[in-house]
Amino acid sequence: MSGTKKETGFSFTIDGVEVTAYAGQTIMEAADEAGVYIPRLCDHEGLRHQGSCRVCTVKAGGRSVSACTQPAAPGQAVENETPHLNKMRRDLVEMLFHEGNHLCPICEASGKCELQAMAYRLDMTEATKFPYLEPCRALDASHPDIALDTNRCISCGRCIRASQDVDGKGIFGYVGRGIHRRVAVNGANLADTDAEVTDHAISKEVCPVGCIIRKRIGFVTPIGEREFDKGLIGHDIEEKRK
Amino acid sequence: MDNGEGNRNGVAAPACGITPVPEGAIQEICEKYGSDKHRMLDILREVQDRYRCIAPTTMDRIASHTGLTRIEVEGVASFYSFLSLAPKGRITIRLCDDIVDRYCGLEDVTKAFEEVLGIQVGQTSGDGAFSLEHTPCIGMCDQAPAAMINDVVLTNLTPESARTAAEALVAGHSPEQLISERFSSLSPYERATRMVDNNVRHAGEVLLGPVPEEAGLSKAASITAAQIISAVEESGLRGCGGAGFTTGRKWRFAAAERSEKSFVICNADEGEPGTFKDRVLLTERPHLLFEGMTIAARAVGANEGILYLRGEYVYLREHLEQVLEERRRRGLLGKEILGTKRFDFDIRIQMGAGAYICGEEGALISSCEGLPGEPKTRPPFPVNRGYLGYPTVVNNVETFCHAARILDKGAKWFHDMGTEGSHGTKLFSVCGDCLNPGIYELPYGHSVWELLEMVGGQDAAAVQVGGPSGTMIARDSFHRKLTFDDLATGGAIIVFNGQRNILEIVDYYMSFFVHESCGYCTPCRVGNVFLQKAIQKFRKGQANPEDIDYLKDLSGTIIETSRCGLGMTSPNPVLSTLQNFPLVYSAMTKPSKDGIRDTFDIQSAIDGARKIAKRRSYIFDKDFTQ
Chain S
86 MSGTKKETGF
96 SFTIDGVEVT
106 AYAGQTIMEA
116 ADEAGVYIPR
126 LCDHEGLRHQ
136 GSCRVCTVKA
146 GGRSVSACTQ
156 PAAPGQAVEN
166 ETPHLNKMRR
176 DLVEMLFHEG
186 NHLCPICEAS
196 GKCELQAMAY
206 RLDMTEATKF
216 PYLEPCRALD
226 ASHPDIALDT
236 NRCISCGRCI
246 RASQDVDGKG
256 IFGYVGRGIH
266 RRVAVNGANL
276 ADTDAEVTDH
286 AISKEVCPVG
296 CIIRKRIGFV
306 TPIGEREFDK
316 GLIGHDIEEK
326 RK
Chain F
20 MDNGEGNRNG
30 VAAPACGITP
40 VPEGAIQEIC
50 EKYGSDKHRM
60 LDILREVQDR
70 YRCIAPTTMD
80 RIASHTGLTR
90 IEVEGVASFY
100 SFLSLAPKGR
110 ITIRLCDDIV
120 DRYCGLEDVT
130 KAFEEVLGIQ
140 VGQTSGDGAF
150 SLEHTPCIGM
160 CDQAPAAMIN
170 DVVLTNLTPE
180 SARTAAEALV
190 AGHSPEQLIS
200 ERFSSLSPYE
210 RATRMVDNNV
220 RHAGEVLLGP
230 VPEEAGLSKA
240 ASITAAQIIS
250 AVEESGLRGC
260 GGAGFTTGRK
270 WRFAAAERSE
280 KSFVICNADE
290 GEPGTFKDRV
300 LLTERPHLLF
310 EGMTIAARAV
320 GANEGILYLR
330 GEYVYLREHL
340 EQVLEERRRR
350 GLLGKEILGT
360 KRFDFDIRIQ
370 MGAGAYICGE
380 EGALISSCEG
390 LPGEPKTRPP
400 FPVNRGYLGY
410 PTVVNNVETF
420 CHAARILDKG
430 AKWFHDMGTE
440 GSHGTKLFSV
450 CGDCLNPGIY
460 ELPYGHSVWE
470 LLEMVGGQDA
480 AAVQVGGPSG
490 TMIARDSFHR
500 KLTFDDLATG
510 GAIIVFNGQR
520 NILEIVDYYM
530 SFFVHESCGY
540 CTPCRVGNVF
550 LQKAIQKFRK
560 GQANPEDIDY
570 LKDLSGTIIE
580 TSRCGLGMTS
590 PNPVLSTLQN
600 FPLVYSAMTK
610 PSKDGIRDTF
620 DIQSAIDGAR
630 KIAKRRSYIF
640 DKDFTQ
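Just so you know, the sequences run in chain order S and F. Its first residue numbered 86, the first sequence is counted upward by one per residue in my numbering. Its first residue numbered 20, the second sequence is counted upward by one per residue in my numbering.
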């Protein structure tokens, strides 16, 4: 941080831990820098904040807000790792599991899936109570290098923002509303767009689940050796604090 | 569950032959709106009206004319109920499917249409002449069942009148001819009032009594912006759309923003089932409304205004356009209003296209900007950064009308009416099981019981105050007061007698919220579906006692984690009936005898495996010997 920025910094607390923030920073940005992990799915480094998955819900000044969009404020007391908030987050993650078809044992993303990793982190260890919606969406395998299985999509929209803002393309977008709202592509199918496997939107960092699939490289890292097989999601941020 | 997944991006194969849309025609429509992407909703509405659908090739053309991508156009086109990617009939009949309409005979009316047109609800006739649909509340609950036939509204339908109307349409009459043979020679006001009754049952002294012309505006033109804001603040006026934010403070925040432009937007998107008060003001007091908007513009220094009119009220558009034109002619809009230097303001009408969520401030602004009607992230608040990023005041129709009267009669006059914390009068739109459904303008502070006596609803068993997102109360709570501090309401009062099934009502309201959720955030998009499924389980008698805890728990998560007011209030039908009608729920629950949940049918669950394995289950087959 530059000296001038530090002068305008202020402090607030997350679960009683003092954190420094700068004007314009969101609660999550300040927390990330301070090594405090706030669970999230739709938010991703380098992309616009969206605040739609609501997994980053924290309590700030007694109100529940999404940490990725709520500006940090001086002196604010933020609650993050509380049993109540983690229960809410678990509910939201369960909702996402039940909205789509998430068959972890046979999914190519198993072990590097943020949804799955979030479920582990939030102790989603029991049978869930929600009904399954079991969508049946067509697989788009039209593109030579990329396949889309939107049955696994959690509508985080990271691909939309990555394609628009980083790649400057706009290959993805939301269509429909309510429970019918979902991610679709800018054309009749993916082959009809200018998507390329080298796009940031297609990279494995952007899609948090097994929806955007790069062809011919499946299971290149064996299950058991993948990112979240080794540690909980968020450990990279939390390690900054040690 | 019908996830609508049958076709990619919801584009169904054409149900009927559609004439190809000429390239020049799309260009012409786009150019009419300056090929401005922010006018996307207008462009798409016009394409829909003219060609009965927004086909994929049309979207490509619109995208290239407005500088957007096809998927951005599709995002808007697929969001609004009145826009369609698949061809609709040349005449689209939308039957209002509100619970009140259902209780007033919608089923028989639907049958009459189906029989005469030879199609079912949800279908388009093979020749492309007719589409028949259900649509959520269209704001005619005081004269249900009602229908929209293209832009024409029919009310108080009976199976007979429905049959007559359908037969006339089949015989080639236009929807307008159903209203009058000399429809084209009627004034826009006459047209509106022939279609829809106002049903003003009680006129109060603020809005529906005698109102002098432009008295408020003349006053506003003679004082400073700060004095206007102070007057509105001192009056105690609070927003009449439901949220009840202090109007004066909202104006003060917007006025304090330093910006090259600012905007005043009127929210005429009343979509809360059972609300129709703004419909009456838009018909009977349009001048007062525009006067109020003009006063707000002077208070905050805005030059441009937008009236966001819900798609269901398209029958009022011409009437309102005519009033705006008259005001321009009289110098009440335009440059130097009433000859006052630097007092320039004009208003355009933005039509909605069938989306309840657009009543939410941020979603309404998104819609005005030509985007899908999705709420915006707060902060920033609209008063700081709203329409196109400029400071924007959004108020309800009734609020603007009140403001105009306050400027005329003074803050104290208004403040003295009503109760502490709830000043002035309020329009209540009353419908359901009562003798005199309609509009009642009353000071705040009446009890529900007093209102029921006025409307002839004394045998009410339940009253829904504030629409589905409000509170459902039982007889033991009818002493409660209609104020912001007790029973807050945007105006909707729906009366239900003892013959009505509370769980059916709750099920309907949840289906409404499922249909109307924008789908942006997880809890509202998904949680409401689960909540409705749980209620349906109760209705089928398959609920266990612990399902009551499940309802409360799930409701709590949706309320706490949702991004906007829709999800923060959508569980209210469940929670308020659980609280006020607990016996209705407990009567429908029973503990399961064998530990297996009633919704789980083990026989059908193992059937597939049984067939593949060609074996039967020792444990679950009832009689293994056979």
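Keep in mind that the hints were calculated from the coordinates and are not lab data. C-beta: ideal position from N, C-alpha, C; glycine also. Hints are supplied without guarantee of correctness; some may be wrong.
Pairs of lysine to aspartate or glutamate residues, derived as DMTMM-like cross-links and limited to a Cα-Cα distance of at most 20 Å, are as follows [unchecked claim]:
(1) S:K254 x F:D79
(2) F:K51 x F:D61
(3) F:K431 x F:E224
(4) S:K172 x F:E565
(5) S:K144 x F:E579
(6) S:K214 x F:D61
(7) S:K144 x F:E200
(8) S:K214 x F:D620
(9) S:K172 x F:D68
(10) F:K571 x S:D284
(11) S:K214 x F:D79
(12) S:K325 x S:D100
(13) S:K214 x F:E224
(14) S:K172 x F:E50
(15) S:K172 x F:E579
(16) F:K428 x S:D100
(17) S:K214 x F:D568
(18) S:K214 x F:D572
(19) F:K552 x S:D100
Chain F regions said to be covered by chain S (calculated; three or more residues, Cβ under 8 Å) [claimed, not checked]:
(20) 68 to 78
(21) 151 to 157
(22) 548 to 558
Problem set entry | Given pair status - F:D79, S:K254, alpha carbons within 20 Å | holds, 16 Å
For this session: Report holds or violated for chain S covering the segment 68 to 78 of chain F, Cβ cut-off 8 Å, minimum 3 residues.
Result: violated (count 1)
For this session: Decide if the proposed pair is consistent with the structure: S:K214 and F:D568, CA atoms, cutoff 20 Å inclusive.
Result: With a Cα-Cα distance of about 12 Å, the restraint between S:K214 and F:D568 holds, given a limit of 20 Å.
Problem set entry | 20 Å limit on alpha-carbon distance, applied to hinted pair F:K51 and F:D61 | holds, 10 Å
Problem set entry | Proposed proximity, S:D100 with F:K552 (alpha carbon, max 20 Å) | Given pair F:K552, S:D100 is violated - Cα atoms ~37 Å apart, limit 20 Å.
For this session: With a cut-off of 20 Å on the C-alpha distance, tell me whether F:K431 and F:E224 pass.
Result: holds, 14 Å
Problem set entry | Restraint check for S:K172 with F:D68, where alpha carbons must lie at most 20 Å apart | violated, 48 Å
Exercise. Is it true that the CA of S:K172 sits at most 20 Å from the CA of F:E565?
Worked result: holds, 18 Å
For this session: Verify the proposed pairing of S:K214 with F:D572, using a straight-line Cα cut of 20 Å.
Result: With a Cα-Cα distance of about 11 Å, the restraint between S:K214 and F:D572 holds, given a limit of 20 Å.
Exercise. For the segment 548 to 558 of chain F, do at least 3 residues have a Cβ located nearer than 8 Å to some Cβ of chain S?
Worked result: holds (count 3)
Exercise. Quick check: the segment 151 to 157 of chain F, covered by chain S? Criterion 3+ residues, Cβ under 8 Å.
Worked result: violated (count 0)
Exercise. Is it true that the CA of S:K214 sits at most 20 Å from the CA of F:D620?
Worked result: Between S:K214 and F:D620 the Cα gap is close to 16 Å, so the pair holds against 20 Å.
This entry does not satisfy hints 6, 7, 9, 10, 11, 13, 14, 16, 19, 20, 21, going by the numbered hints stated previously.
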